[in-house]
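Kindly generate the complete structure, drawing on both the sequences and the hints.
Residue -16 is where the sequence shown starts when you use this note's numbering, and the numbers rise one by one after that.
Don't read these hints as lab results, they were simulated from the structure. One should not assume that every hint holds.
Heads up, simulated SDA-like pairs for lysine to any residue below, C-alpha to C-alpha not over 25 Å straight-line [as the list claims (entries may be wrong)]:
id, residue 1, residue 2
1, LYS117, ASN85
2, LYS2, HIS100
3, LYS20, MET41
4, LYS(-7), GLY96
5, LYS20, ASN48
6, LYS(-5), ILE147
7, LYS20, ARG0
8, LYS(-7), THR141
9, LYS112, ASN124
10, LYS117, VAL36
11, LYS33, LYS112
12, LYS117, SER31
13, LYS2, SER126
14, LYS112, PRO133
15, LYS33, THR145
16, LYS112, ASP73
Derived Cβ-Cβ restraints for the label pairs, each shown as a range [to be verified]:
id, residue 1, residue 2, range
17, GLY19, ASP50, 13 to 23 Å
18, HIS106, LYS33, 19 to 29 Å
19, ASP130, ASP90, 17 to 27 Å
20, ARG27, GLU51, 15 to 25 Å
For each residue, glycine too, the CB sits at the ideal point set by N, CA and C.
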Amino acid sequence: MQTAQQAFEKLKSLAGRWKGSSSDGKEILLTYEVTGKDSAVIERYRHSWKGEVMPDEMVTMYHLNGDELMLTHYCTLGNQPRMRANLRIDDDVAFEYIGASNLPHPDALRMTGVAFHFVDEDHIVQTWKWDGEKRYIRPENRSDDFDDIPDSGEGVDTFHLTRIGEAAD
-16 MQTAQQAFEK LKSLAGRWKG SSSDGKEILL TYEVTGKDSA VIERYRHSWK GEVMPDEMVT
44 MYHLNGDELM LTHYCTLGNQ PRMRANLRID DDVAFEYIGA SNLPHPDALR MTGVAFHFVD
104 EDHIVQTWKW DGEKRYIRPE NRSDDFDDIP DSGEGVDTFH LTRIGEAAD
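In structure tokens form, the structure reads like this:
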């Protein structure tokens, strides 16, 4: 079993730019930055949909909280799911939903988990899970980009990513 610090070090090792594709054919662009005197990792997410780079990015912040590894995901849905790492998994780093802020309804669509599989230093597989109902998406957060998501229930999106460069200075 890995410690929170060991799992956090794995996330810090991702610093740089990453490119890949999702299970539904989206082109994914991620950057990871270590900040706050090595106390947090910022993940910036953008993707292309129907040949166009989406104008808004999503940001996920990873950090230690004592002996726990936590994240807050700042979603384009306008909510902020919080997750805690499940450290019972030896090689991967997986997070499980513990709550969210700014949900318009308790059954609203939200991210509920993410897992990192470290293939090698230049390749990872990231799998995001979601749950909820699309009917509760606020009008200002609606996008054609959500057309591929079922109206309700759980879902999974897997990204196969390759490191394409160092972090910007």
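Hints, verified against the model:
no.	hint	result
1	LYS117 - ASN85	holds (15 Å)
2	LYS2 - HIS100	holds (15 Å)
3	LYS20 - MET41	holds (22 Å)
4	LYS(-7) - GLY96	holds (18 Å)
5	LYS20 - ASN48	holds (15 Å)
6	LYS(-5) - ILE147	holds (16 Å)
7	LYS20 - ARG0	holds (20 Å)
8	LYS(-7) - THR141	holds (19 Å)
9	LYS112 - ASN124	holds (19 Å)
10	LYS117 - VAL36	holds (22 Å)
11	LYS33 - LYS112	holds (22 Å)
12	LYS117 - SER31	holds (21 Å)
13	LYS2 - SER126	holds (22 Å)
14	LYS112 - PRO133	holds (13 Å)
15	LYS33 - THR145	holds (21 Å)
16	LYS112 - ASP73	holds (20 Å)
17	GLY19 - ASP50: 13 to 23 Å	holds (18 Å)
18	HIS106 - LYS33: 19 to 29 Å	holds (27 Å)
19	ASP130 - ASP90: 17 to 27 Å	holds (20 Å)
20	ARG27 - GLU51: 15 to 25 Å	holds (23 Å)
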